[in-house]
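Asks: As a plain string of letters, each chain reads:
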Amino acid sequence: MNTLKRMVLLGAMWATTAWAQGNIEINTPAISQIKSSMQARHTQLAPHYASGAVGLGADGNVVLRDANAVPLAQRQAVQGLVAQENTDRAALYREIARANGHPEWEADIRSTFAQRWIERAQSGWYIQSGGQWSRK
Amino acid sequence: MLAAMPLAADAAFELRFDRLSASAITLEDVHVEATALDGGRARVRAARALIAGRMLQQVQLDCADFSTLPEQRCRGGVLRARGYGPWPLDFSVRGAQRVLDANVRFSPDLRVTVGGALAGAHPHLALQAKAVDIARLLALEPALQSLLKDYAPAGRADVEAVLKDFGAARSPHIEARLLLTDARFASADGLRAAEGMSLALALDATRQGEDWLGRASVDWRAGELLWDSIYLKGGGTTLASDFVLTAGGLELRAGTLDLAGVGRLNLEALFARSPATLTRARVEGRSFDLDALNTRFVEPLFAARGWPTFAVSGRADLVAEFDPQGATAVTLRLADAAVADKSGRWSLDGVTAVLPWQRDVPTEPHAAVTSAHFDRLPFGAFDLKASVAADRVSLQPVRIPVIDAGLRLNLLEFRKDDGRWRGDLSFDLEPVSMPALSEALGLPRMAGSLGASVPHVSWRDGVLSLDGQLLIRVFDGYVAATGLRVIEPLGTTPRVLADLQMRYIDLEALTDTVKFGRVTGRLDGDVKGLELLRWRPVAFDAHIRSSAGDYPRVISQRAVQNITALGGPGAAAAIQRSFLGFFERFGYRRIGLSCVLRDGVCDMDGIAPRGDGFMLIEGGGIPALSVVGYNRRVNWPELIERLRRVTDAKPVVK
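Just so you know, the protein sequences line up as chains A and B, in that order. The numbering used here puts the first residue of the first sequence at 1, with every later residue one more than the last. The numbering used here puts the first residue of the second sequence at 137, with every later residue one more than the last.
Since the hints were made in silico from the structure, they are not lab data. Please read these numbers as outputs of a predicted model, since none were measured by experiment. Check the hints yourself; a few may be wrong.
[Unchecked claim] Selected chain B positions facing chain A (in silico; Cβ < 7 Å):
1. Asp-325
2. Ala-329
3. Ala-440
4. Asp-603
5. Gly-627
6. Leu-666
7. Leu-669
[Claimed, not checked] Label-pair restraints from in silico Cβ distances:
8. Gly-101/A with Asp-553/B: 22 to 30 Å
9. Ala-73/A with Ala-525/B: 36 to 44 Å
10. Ser-601/B with Ser-129/A: 34 to 42 Å
11. Gly-747/B with Gln-39/A: 43 to 51 Å
12. Ser-129/A with Leu-779/B: 52 to 60 Å
13. Gln-461/B with Ser-129/A: 31 to 39 Å
14. Asp-453/B with Ala-73/A: 29 to 37 Å
We treat Cβ as the ideally placed atom computed from N, Cα and C, and that holds for glycine.
Looking at chain A on its own, in the form it has when it is part of the complex:
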């Protein structure tokens, strides 16, 4: 149930807001494909956000910040999850920039998303600011 709630919350992140320079909510088949790939992975990542093993980085990526919170035999798999998530996130930022017709906006879109992920993180999740980790 908790997981379901988190998925709904993640879905809410796509709610309409206007981006200062472009449309961050723009949708294309590629973008919706990436979003569904990320949402499918979220159920696997959510327990690791809650345990503090994985945190939301200031750069719009997720970060394996404390692998000690994951049983040794599973750490390798979590590294893979984090890498896949960051690949999807990079693709998402790039696709949104492309869909806006401005590939050069990618870095701005990334930092806008970084803020949004952190703003909308659940309490108890780890977020990064100025190089420091804190618990929300």
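Based on the hints, put chain B in the right spot on chain A.
Replies: Positioned in the frame of chain A, the structure of chain B alone reads:
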């Protein structure tokens, strides 16, 4: 400061020595007080003690029962030194051989028993300790301790050691066996860690001058280990090596690392002692099982970086050299190897290759491939020669046989500019026979040949772009693609963008091939804004129509039925069934159809409006027949499914 109180008022004698030396032990500024020589209390103090090269300050031994005659003995003793102890102990030294029997309790759970002969032709000492804290053991070797300080090592060790032939003018020899249980360590970030380790260590070493020479081995029996992205479970992995330990460092010679199920690595290495670093190393392995090597070491590294992983089989030889900065040279030799993607979509088989890499010098890897496939397309044998430098990788031109023709790779080059890799590609496909190609691809048999020329494709920031036009001759006409771009072909969402032009396609050849029902005539088409996502169409504006010009225009009854069926339940052909029954073929004036695909829906239109619908085929001649569609919005996956059904179906003529 330790108290320098007199032993007791009843001390029978006091002795002072500036210096006392025995094998491996030197005491300075020694003060002995005892009540008697054959029993009673005693205290021995030394300002400094040098024991096996280690300096201790203010050493003090108190004995409740001390004697020097007939044997040297201390019962109920307590040993302490600055920063060490107090450690309860008992010992005795007897006879001409000076047979030592000692017990020291370093902590309630650490009791060390030492026995042996201190004098004679072959003096020896045996030491036994059970369940010693590993951290305490490591503290004995400062270089090892500093190397491991970030990893918080813990666990227990049983130690058995024998020291032989010690003393002046001898070469002492040590044999040690350590059994580590529940050993573990963890870096702060948890990415380098071990748990539940069971390790058996054996060490045999002889001192020669200032150095120790010998052999050491480690047998990893159980437990799990994570080192960055590589996770291994213990059992069957052993490391053994000759070594030379000098004041400056540790050299490993003729070392072997047996990796369970993978193979054996031979290794040589030199480590500096302070600071503890790898100075140089050479690792060599023969006839490795590539599958095991890939599964246990390569795949996890790739997966943790989000890179694609492959299935690999065959055997490999490996040589790698390292310096303090890391790997300097690696050469991998593959014999009868195979590489494939995980889904089996493509493979390279019978691969023999020499793949050298050097950090500072360009290299020229080469490979011979016996056969390959991509999807159902088979490729013949070919040789690849490459040139690899830090900022440039290029392939020499090569012809890869495909069916009865060849794919000529004229240029394949990647360069690093401003920290970003970019690539360029140019190839030609020699005309390949369509009957053979269609058979290989499992498609209906097609006539003619297919050739293509691609003068330049560039790779920039994850996008493959075609310069100019890709022209494919097919069905007596041609298909031209312009503005072709493939975005992130290896990424999560590979995307293809292109505009297509089809001209003068022979409909008879096409409809015979796809078993749609014969249509005679010529067709032009334009597909604008074609977008494939994960290789499936998600958007386009397509328009097909009869080509201009004078040619026979005939459509079969079956083709009419199939076109009607494509419209689904909502579609209807404006034809009289009774009338249709009399004729096999009909004349037509023109065919026209458009489909705008967005969000999985094809928005259809025809040549012109007709009543509530739109005309797809305008009849002409005798007997003439018009086909009208009424369903303008068609679900794309359904349309594809219907098309698949009608092209699979056997001809039915009513």
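Asks: Now look at each hint and say whether the structure bears it out.
Replies: Okay, the hints, checked on the actual structure:
no.: 1; hint: Asp-325; verdict: holds (6 Å)
no.: 2; hint: Ala-329; verdict: holds (6 Å)
no.: 3; hint: Ala-440; verdict: holds (4 Å)
no.: 4; hint: Asp-603; verdict: violated (19 Å)
no.: 5; hint: Gly-627; verdict: holds (6 Å)
no.: 6; hint: Leu-666; verdict: violated (12 Å)
no.: 7; hint: Leu-669; verdict: holds (5 Å)
no.: 8; hint: Gly-101/A with Asp-553/B: 22 to 30 Å; verdict: holds (25 Å)
no.: 9; hint: Ala-73/A with Ala-525/B: 36 to 44 Å; verdict: holds (40 Å)
no.: 10; hint: Ser-601/B with Ser-129/A: 34 to 42 Å; verdict: holds (39 Å)
no.: 11; hint: Gly-747/B with Gln-39/A: 43 to 51 Å; verdict: holds (46 Å)
no.: 12; hint: Ser-129/A with Leu-779/B: 52 to 60 Å; verdict: holds (55 Å)
no.: 13; hint: Gln-461/B with Ser-129/A: 31 to 39 Å; verdict: holds (34 Å)
no.: 14; hint: Asp-453/B with Ala-73/A: 29 to 37 Å; verdict: holds (31 Å)
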